[in-house]
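Given chain A's structure and the hints, the job is docking chain B onto it.
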Amino acid sequence: MKVAHYWHCFVGIQAREWLRFWQQRTRFFSALIRPLLWLVVFAAGFRAVLGVSIIPPYQTYITYETYIAPGLCGMIVLFNSMQGALSMVYDRELGSMRVLLMSPLPRPFLLITKLLSMGIVSIGQVYLFLLVARLLDVEPPAWGYLAVLPAVLLVSLMLGAFGLLIATWVKQLENFAGVMNFVIFPMFFLSSALYPLWKMQEASPWLYWLCQFNPFTHAVEAIRFALYLQWNPAAFGITATVTLVLATLATAGFRPQRTRILASRPSSPQAQE
Amino acid sequence: MTIQANRISFRYGDKLVLRDVSFGLTPGCFHALLGPNGAGKSTLFGLLTRLLALQQGDIQLAGKSLKKQPAEAMRRLGVVFQHNALDLDLTVRQNLQYHAALHGLSRGEARARGDRELERFELLDRANDAVRNLNGGHRRRVEIARALLHEPSLLLLDEPTAGLDVASRQALNRHVRALCENEGLAVLWATHLIEEVHEDDRVLILHKGQLLADGAGRAICEAEGTRDLAETFHSLTGAGST
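Going down the list, the protein sequences come from chains A and B.
FYI, in this note's numbering the residues of the first sequence are 2 to 274.
FYI, in this note's numbering the residues of the second sequence are 17 to 258.
So that you can see chain A by itself, here it is in the shape it has in the complex (with noise of 0.2 Å):
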């Protein structure tokens, strides 16, 4: 296999994620509708209650509005990577993966690719919200949209894979809803997404040795670095560290056998579209 035929797998995949993405765009925008309810319905609830003093990257006092953002961009990229692994799986995708797994090209290429792909539509929606939340006053700085980039697709790749490792081998998880109550939300509120982790510390050590140990945490710190233009090297090493590890274990460990895609019979009428 010569390096264009790689080229050339990596634009169809890319190319039909944007396809089907278009297809669905009703969904792409109702998705936006929970990171805007956090930051325009919660933010205003909570500014009162939660006093952020002024901690790195900002050089001033902030709103609680621009606090939660960056951790919101993580909210998207965690919902939109852990469906649209279990998707791989188990539903809407089973048929485009039958047809994925026939390619010659070696499988980690393959499923790296997809998630990559899967990765550029949430950073389309995560460009979507930030657009959104600078018309609510969250002003990074331009540069930051620029810089923010590498670190939302590095977090939609480390969450993606490990989507697809739980989805492949931990059989209690194969419906969203559980995926939800015991992946999504641990993740998001065990994470410096929606409070500064000193606040976390003075309530409880315990819990913020459990924020410190959750990936989630440094891929918002990642973002939230990024986008305010500064070099978090802690944040990007372990987001990066995790991420090659949970993509060599998820796509070394893949098994469609463990998976729906080798199932003779589809689970919901669903599976057939």
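It should be emphasised that the hints constitute simulated quantities derived from the structure, not laboratory data.
Hints are supplied without guarantee of correctness; some may be wrong.
Said to hold, decoys possible - With beta-carbon atoms standing in for the labels, derived distance ranges:
| # | chain 1 | residue 1 | chain 2 | residue 2 | range |
| --- | --- | --- | --- | --- | --- |
| 1 | B | GLU199 | A | ALA143 | 55 to 61 Å |
| 2 | A | ALA241 | B | SER122 | 31 to 37 Å |
| 3 | B | ALA239 | A | ARG28 | 36 to 42 Å |
| 4 | B | GLY124 | A | GLN173 | 44 to 50 Å |
| 5 | A | ARG259 | B | LEU252 | 32 to 38 Å |
| 6 | A | ALA253 | B | SER38 | 28 to 34 Å |
| 7 | B | LEU32 | A | LEU147 | 18 to 24 Å |
| 8 | B | GLY241 | A | TRP170 | 47 to 53 Å |
| 9 | B | ALA128 | A | LEU150 | 33 to 39 Å |
| 10 | A | ASN176 | B | GLY152 | 56 to 62 Å |
| 11 | A | VAL133 | B | ARG27 | 52 to 58 Å |
| 12 | A | ILE63 | B | ASN151 | 39 to 45 Å |
| 13 | B | LEU209 | A | LYS3 | 40 to 46 Å |
Unchecked claim - Listed next, the stretches of chain A that the computed footprint assigns to chain B, with coverage defined by at least 3 CB atoms under 8 Å from CB atoms of chain B:
| # | segment |
| --- | --- |
| 14 | 9 to 22 |
| 15 | 55 to 68 |
| 16 | 208 to 215 |
Claimed, not checked - Chain A side only, calculated, beta carbon under 8 Å to chain B, not exhaustive:
| # | residue |
| --- | --- |
| 17 | ALA5 |
| 18 | HIS6 |
| 19 | ASN176 |
All of these numbers come straight from a predicted model, not from anything done at the bench.
Using N, Cα and C, we set each Cβ at its ideal position, and we do this for glycine too.
Coordinates of chain B only, in the frame set by chain A:
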């Protein structure tokens, strides 16, 4: 031989679902894989398409080992799955282009080959229609056209007529037979419908994970002392033919 399966065994946990299965498929020949539900057909397809990893034995596709040279082997394989594997919201051409890209073909090449296949299947005028607007028979033809885009030497079809009406089933069967004859493709057509199998086809009968018969349909009937394939199938598997 286009395909050579050597002593394949496969177990799920403690359950042995394929036992020492060996067979070869010849270019230009229509092979029917017959077996009742639970015979092991899906497992065999899983192994041939590399969705399942081989546990024992090996499969050679055009001389390339699926175990040792999977990329080379997969390039020679075209597959039509039992269940729809098309994106219903995308057009016929977009579906073909996705598949072509997965095989490393450029957009230009993909389009040329896609149009050629669609023309052969009399679907070129539907190229820009969403798959959702095609009937079941046409969708199946698109799937076969797609499976042929990368010019494989072996075409696997897993119960391709499932869910089709009688007329579409017969038309599809005729189409694939013509392909086999004209293109020199080796075809493996899995089914439980005896009427889709002719007596001069190569017939493989799988039952409870074992290959009970492998040869020309007529020869198998003579060896079993039966009148036709339906009776042979019944006497070998105890299953009613449909």
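inquiry  = Under the constraints set out in the numbered hints, which ones does this structure not fulfil?
reply    = Going through the list in order, the structure violates hints 3, 7, 10, 12, 15, 16 and 19 and respects the others.
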